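2 protein chains.
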Amino acid sequence: MKVVVLAGGFGGARFARALAETDAELTVIGNVGDDEEILGLHISPDLDSILYSLAGIGDEERGWGRADETWNALETVKELGGEAWFQLGDRDLGLHLLRTQALRTGEALSSITACFSGALGIEATVLPATDDELRTHVETPAGDFTFQEWYVGRRHEDEVTGVRYEGEAQVAPGVLEALEVADLIAIAPSNPYLSIGPILAVDGIRKAIESRRAPSVAVSPLIGGRTLKGPAAQMLQRFAGGTSPTHVASAYEGLIDRLVIDEADADEGEHIVTRTLMNDEAARRTLAGAVLEAAAVPR
Amino acid sequence: MKVVVLAGGFGGARFARALAETDAELTVIGNVGDDEEILGLHISPDLDSILYSLAGIGDEERGWGRADETWNALETVKELGGEAWFQLGDRDLGLHLLRTQALRTGEALSSITACFSGALGIEATVLPATDDELRTHVETPAGDFTFQEWYVGRRHEDEVTGVRYEGEAQVAPGVLEALEVADLIAIAPSNPYLSIGPILAVDGIRKAIESRRAPSVAVSPLIGGRTLKGPAAQMLQRFAGGTSPTHVASAYEGLIDRLVIDEADADEGEHIVTRTLMNDEAARRTLAGAVLEAAAVPR
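So the sequence lines, in the order shown, correspond to chains Y and Z.
Position 219 of the first sequence, counted from 1, bears residue number 219 in the numbering used here, the numbering being contiguous throughout.
Position 76 of the second sequence, counted from 1, bears residue number 76 in the numbering used here, the numbering being contiguous throughout.
These are computed hints drawn from the structure, not numbers from a lab.
Each hint can be trusted.
Since copy identity is lost for identical chains, a pair holds within one copy or between any two.
Derived pair list, reagent style SDA-like, types lysine to any residue, alpha-carbon separation capped at 20 Å:
1. Lys78 to Gly118
2. Lys2 to Arg285
3. Lys207 to Glu180
4. Lys78 to Ala67
5. Lys78 to Ala114
6. Lys78 to Ala55
7. Lys78 to Gly56
8. Lys78 to Ala102
9. Lys2 to Ala208
10. Lys78 to Ala119
11. Lys78 to Cys115
If you're wondering where the values come from, they're calculated on a predicted model, not measured in any experiment.
The shape of chain Y in the complex, shown without the other chains (with noise of 0.2 Å):
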């Protein structure tokens, strides 16, 4: 079965993985709307989030950059005086270095992915939405930031008013031609407006979406009405008017056939109900196989 995932950071990264770990033949798009440039080197939280999670490399319980990670070179950029509001680990550095230089020659961060992809012994397909720039631009009343400006160096203290996805962005090769053969469609437990958002301004992904032949469902990041990271139920009550499931639905009009949430927060809906909380790998499991099923649900 082909399966198309739109992920963004934490929870797609490990939905990712909870679903490479089915026979499903599995294309991840990946979010890029989180990139940002630091200390010169072009960095892709999200991206490398799903590439390490897939390697099985990844820090499992910090949910983003790698496992036995050490924080040498940050630690002379703090006594050198340079910016260290972001955190950047030294096996996650060597990878940022070696993209930014790619990226520098005129090589497409799509290629650069799968290289990587590929050297990390990754079967799935990994897919940045565009290879332009796209960047989110969260507003709040402190005024109007870039994604991990707001996230990391403000701590995503400030209320988000508004969000922006600024650049015009090309769809990435490979995502449409996987979207068009997909047996499922399957949006993560990401944030709707930070994570998959930013993958829909992609022109033509929204377009590839709504007139889809595949079933798609997305899986709701809230158990019980709240998140186990980031402001995505704050962001629901504010832009989706509340945080039942009828609600997070909304975030996805034309886009999904089903709604996957957790048993904590079943209702009269017609939803996929299950257990979502992905912590280790028999949650993945369930987690997997209630999305799959949904595989037969009617367009």
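Please build the complex by placing chain Z on the supplied structure of chain Y, with the hints as guidance.
Coordinates of chain Z only, in the frame set by chain Y:
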């Protein structure tokens, strides 16, 4: 006493430290002919060896790089199939990241070096010979290489048949001024062709030393006709015709008033004889003392 030192990497860094431990008011002019672009980063190995040595954070045993170093970023580079022939430690990387970023924004190498020097609590003034690109190329029977390609990449195994300094390099701010007011000019026990030659190739520096007011001395890089590290003996044999103190002095003709040599090399010549091995603080003090006495030799 104002002392200006011309210094390459290994011997230069140790010698700079030896003089920094005296009362001398020290200016170190560092070689940048070995600089290289590695993984998109600007690396200045000699300047960094000098900074690390003066700050007391260098790896004494290895003779380059930082103490307590880790190599995780490079591990990732290897894992992803990237260029990993040049050893870059994690702590070291933090400095390269900041310098590269500052150079890209148009800051001069000399100003960046001053900034790092201050952050590391170094009292001496450390100056690159030039802010411009000047590259040492070695000619060998196997072809022409940049210094690092030959020294690190090919383990300096090919015999050097010629040395070229490429680039139109203007002298960095402060260098000629320091030479002008110096009470003593001292050339470190570095390779005359590979470490000191590129400094003298910078427009104005050779002339400033030739027309000096202050006495000038060089410390021979040889002990018993051999070097601790690197190909200086072999190159003196080829380019100066031998490895005696007279041969070493001839490499600095017109540029020095005395040569400081090791006891093991003592001959009938009018040299300053001392122990030149700098393997501990007492040894550094002995050598620095002998060098500073040279301020009294007649011009």
